[in-house]
Amino acid sequence: MPTIVVDVMPKAELLDPQGKAVSGALARLGQEAFTSVRIGKRFELTVEGQVTDEVLATARQVADEILSNSVIEDVVAVEVVQ
1 MPTIVVDVMP KAELLDPQGK AVSGALARLG QEAFTSVRIG KRFELTVEGQ VTDEVLATAR
61 QVADEILSNS VIEDVVAVEV VQ
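Using my numbering, the first residue of the sequence shown is number 1, and each one after it goes up by one.
Read the hints as simulated data drawn from the structure, not as lab findings.
In this text the structure is predicted, and so the values were computed from the model without any measurement.
All residues carry an ideal CB built from backbone N, CA and C; glycine is no exception.
Incorrect hints may appear among the rest.
Restricting the straight-line Cα-Cα distance to at most 25 Å, the calculated cross-link-like pairs of lysine to any residue (SDA-like) are [unchecked claim]:
no., residue 1, residue 2
1, 41, 75
2, 20, 30
3, 20, 76
4, 11, 39
5, 11, 75
6, 20, 71
Label pairs and their computed distance ranges (CB to CB) [stated by the list, open to error]:
no., residue 1, residue 2, range
7, 82, 57, 13 to 21 Å
8, 56, 17, 28 to 36 Å
9, 34, 72, 19 to 27 Å
10, 48, 15, 36 to 44 Å
11, 12, 49, 30 to 38 Å
12, 5, 31, 38 to 46 Å
13, 28, 52, 43 to 51 Å
14, 80, 34, 28 to 36 Å
15, 60, 12, 19 to 27 Å
16, 50, 25, 41 to 49 Å
17, 58, 30, 40 to 48 Å
18, 31, 66, 32 to 40 Å
19, 53, 30, 47 to 55 Å
Required output: the full structure, derived from the provided sequences and hints.
Listed below in structure tokens is the structure:
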């Protein structure tokens, strides 16, 4: 069965306290190659049957209206993985 993956991230202009904490931890552990971390959410929607253009459009609508909070988050990707 195919899966549609939806990635949601905090808006760039907002603080990301989880990302800041992980970034600080990486620095304390000597991992200096990474200058910042942003933490988001990943949703996997399993589809019964084929992923048509209509199903993908519905997934995008669900991502915008239900899976993300448009005030503080952006849907950055909606893609099909096999």
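Requested in this report: Please test the hint of 28 to 36 Å on the beta carbon pair from residue 80 and residue 34.
Outcome: Since residue 80 and residue 34 have Cβ atoms about 30 Å apart, the given range 28 to 36 Å holds.
**Report entry** C-beta pair residue 48, residue 15: status relative to the range 36 to 44 Å that was hinted
**Finding:** holds (39 Å)
Report task. Given the hint of 47 to 55 Å, check if residue 53 and residue 30 actually sit that far apart at their C-beta atoms. Result -> Holds - the Cβ-Cβ distance for residue 53 and residue 30, about 48 Å, lies within 47 to 55 Å.
Report task. Below or equal to 25 Å on CA atoms is what counts here, so check residue 20 against residue 71. Result -> Since the Cα atoms of residue 20 and residue 71 sit roughly 20 Å apart, the hinted pair holds (cutoff 25 Å).
Requested in this report: Take a quick look at whether residue 20 and residue 76 sit within 25 Å of each other, Cα to Cα.
Outcome: Judged against 25 Å, a Cα distance of about 20 Å means the pair holds.
Query - Outcome for the supplied range 13 to 21 Å, where the beta carbon pair is residue 82 and residue 57 - result: holds (19 Å)
Report task. Given the range 38 to 46 Å, decide if the beta-carbon distance of residue 5 to residue 31 lies inside it. Result -> Once the Cβ atoms are compared, 27 Å apart, the range 38 to 46 Å for residue 31 and residue 5 is violated.
Requested in this report: Could you see if the CB distance from residue 58 to residue 30 stays within 40 to 48 Å?
Outcome: Holds - the Cβ-Cβ distance for residue 58 and residue 30, about 46 Å, lies within 40 to 48 Å.
Query raised in the report: Taking 19 to 27 Å as the hint, is the beta-carbon distance of residue 34 and residue 72 inside that range?
Result: holds (23 Å)
Query raised in the report: Regarding the pair residue 11 and residue 39, is the alpha-carbon distance no greater than 25 Å?
Result: Holds: residue 11 and residue 39 sit about 11 Å apart, inside 25 Å.
**Report entry** residue 12 and residue 60 - C-beta distance against the hinted 19 to 27 Å
**Finding:** Holds, since residue 60 and residue 12 (Cβ atoms, about 20 Å apart) stay within the stated range.
Requested in this report: Evaluate the given range 30 to 38 Å for the C-beta pair formed by residue 12 and residue 49.
Outcome: holds (36 Å)
Going down the numbered hints, you'll see the structure goes against just number 12.
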